[in-house]
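J.: Once you have looked at the hints, place chain U on chain B.
There are 2 protein chains.
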Amino acid sequence: MSELRQDPTTYDWIIMATERSVRPHELNGKKSSRHRGGDYNKECPFCPGNEQRTPPAEAVYGDNDKWKIRVVPNKFPALTPEGNTSRVHYKLFRKTQGYGRHEVVIESPRHNEFLPFMENEHIENLLRVFRDRYHALKEDTEVKIIIIFKNHGEEAGTSLEHPHTQIIASPVVPPFIRRRLEIATQHYDNTGSCLYHELLTNEREVAERIVMETEHFVSLHPFASHYPFETWIMPKVHKSSFGNITEDEIRDLSVLLKSTLLKLYEGLDDPDYNLIIHTSPVDDEHKSYYLWHIQIVPRLTQMAGFELGSGIYINIALPEQTAAFLKE
Amino acid sequence: MSELRQDPTTYDWIIMATERSVRPHELNGKKSSRHRGGDYNKECPFCPGNEQRTPPAEAVYGDNDKWKIRVVPNKFPALTPEGNTSRVHYKLFRKTQGYGRHEVVIESPRHNEFLPFMENEHIENLLRVFRDRYHALKEDTEVKIIIIFKNHGEEAGTSLEHPHTQIIASPVVPPFIRRRLEIATQHYDNTGSCLYHELLTNEREVAERIVMETEHFVSLHPFASHYPFETWIMPKVHKSSFGNITEDEIRDLSVLLKSTLLKLYEGLDDPDYNLIIHTSPVDDEHKSYYLWHIQIVPRLTQMAGFELGSGIYINIALPEQTAAFLKE
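Chains as they are written, first to last, in this note's numbering: chain B, 329 to 656; chain U, 329 to 656.
Isolated chain B, as found in the complex:
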């Protein structure tokens, strides 16, 4: 018999469909082909020598002609710093101009240097770049939330192989995020504790879904995982915004992030995946009731009509089993 689990942070229900369940290692089939040889591709707009193929850099780390990390505006931006954020409506149709920012962090000059194989120090620098860009983008007072995310592979929505992360600074806080904050606020008002921190404490007590733990962070497969091998990285120290991550935490996180991604890479044979840094809206950076965290979603199964039509997810792998598999 399957089981319905409720995600305490969204109230979403997830069907843990044990009837269709497969062994964790059987889930590694789905991924796009990857160029694995050669660390340079002359067709790639992100490779050194092709700098003129991207818009001028917002920031360059390392020397200009021997850069290590490059931040550029997205050539096909979803949002741009033009126009304004006034809402206008005609009948029921409400809209606003596509004001905002859309940047790309080119993570390495090497075409095939993926995150889990970078040096720790380089991953630390990447995390520092994310934090720096967060602060640079929020200088614009129209920016209300900053989403840092990574698409790895075609199944995860990118056709560009060269390792990169995107940052979108949005003038609207979507209901998707407001909803999470409302639930967390209600929980805080009722119980006096941060829902996310309590969840982390509960997961550590139960211990069966923990993948790894360091001094400041824990990676785990949540009780009500929406997707097989969905992985959360949660900080132990309360902080609602990623923008406030400390140097000490960055050093610690780089170790845990590298190991967690390496486990996924090895356990699932380099799956396509998305990585998202969930952080509070800019105006809610110092709230006691939210905890920033990283979500990693390997794209192993397709979202189908049932998920699109009900918001109930069918997960074919139990997080207890996938966490145990990765832990090995």
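If you are wondering where the hints come from, they were derived from the structure by calculation, not from laboratory data.
Take the hints with a grain of salt, since some may be wrong.
[Unchecked claim] With beta-carbon atoms standing in for the labels, derived distance ranges:
#1 E648/U <-> G411/B: 14 to 22 Å
#2 Y368/U <-> R415/B: 51 to 59 Å
#3 R456/U <-> S414/B: 24 to 32 Å
#4 S587/U <-> D393/B: 53 to 61 Å
#5 H417/B <-> L590/U: 30 to 38 Å
#6 E648/U <-> P383/B: 23 to 31 Å
#7 D460/B <-> N369/U: 53 to 61 Å
#8 E648/B <-> K403/U: 24 to 32 Å
#9 E594/U <-> N412/B: 35 to 43 Å
#10 D391/B <-> L590/U: 53 to 61 Å
By construction, the Cβ of each residue, glycine as well, lies at the ideal position given by its N, Cα and C atoms.
T.: Just chain U now, with coordinates in the frame of chain B:
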């Protein structure tokens, strides 16, 4: 410059990303390969002669040995009529047994007879079967919502080619649906009108996103479409539940559904797609503030990290343009 549009039924924001915009006919690249020859496949569990490969039928239309439509329990059910629906929780972890039903409607004995090529009368019969199963499933008082949906092609989440629709009867009403009802209820309380009916009226007044119209139904690409070529079929007569569709409406809908799917088939060269019948929860079948409707989502683009992390969708094709393209 792109534009942010708000979906009035969910308050979701959609980025209409004209910078990345492509012409409608350029979007037809993505679909899985399809077996198009032969109307019989001896390996297919849904083809005649293989009836023993599915669980025993719940209902058969036509003769038993020459059936036209067959309804069977899903062999790998997400939910089953076992156990109960009591919620139990330990710490923050709330769950319930996977009680419910999961059926498959095998739409035709012919392996390659897809919906837009079926005879009108057969489509009518299919709609009657959906309505009949809706009523049969809601006899179980534990069932709180019934989701009827179709996955066509691998990108849409199915590996079975034989034309089929699935029905899941769920004991929980998910927040995804409650949220839509709350927004519609608030709108009704504020304005005295059904949000969905008003939206339909607005779309008909503006007229630029209508694909087709018959006596009782309209197909259109909504103002704030989440996906390129997302198509809604809305009834003109107010009714919150699909379960209450009349014979007259069924005859009319079969014509519009066939034509709409044929336009998508021809315009996008047989895209993978999901089709969902959105209907009120069983306990809300006679509400003035909700309108049942059909949503069709061709799977032309991938949901990426930004959508997963923010709930803001990037749509690369304007619904005005896609509707005009299909209308031709």
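J.: If a hint holds in the structure, say so; if it doesn't, say that too.
T.: Quick rundown of the hints versus the structure:
For the pair E648/U and G411/B, the beta carbons lie near 20 Å from each other, so the given range of 14 to 22 Å is met. A hinted range of 51 to 59 Å holds for the C-beta pair Y368/U and R415/B, which are about 56 Å apart. A beta carbon spacing of about 49 Å between R456/U and S414/B contradicts the range 24 to 32 Å that was offered as a hint. With their beta carbons about 60 Å apart, S587/U and D393/B fall inside the hinted range of 53 to 61 Å.
For H417/B paired with L590/U, a C-beta distance near 34 Å keeps the hint of 30 to 38 Å intact. Checking the proposed 23 to 31 Å range against E648/U and P383/B shows it holds: the Cβ atoms sit about 29 Å from each other. Judged by the Cβ atoms, the range 53 to 61 Å given for D460/B and N369/U holds: they are separated by roughly 57 Å. Separated by about 25 Å at the C-beta atoms, E648/B and K403/U satisfy the suggested range of 24 to 32 Å.
Checked against the hint of 35 to 43 Å, the C-beta distance between E594/U and N412/B comes to roughly 41 Å, which is consistent with it. Taken as a hint, the range 53 to 61 Å holds for the pair D391/B and L590/U, whose Cβ atoms sit roughly 59 Å apart.
Violated hints amount to a single one, hint 3; each of the other numbered hints is respected by the structure.
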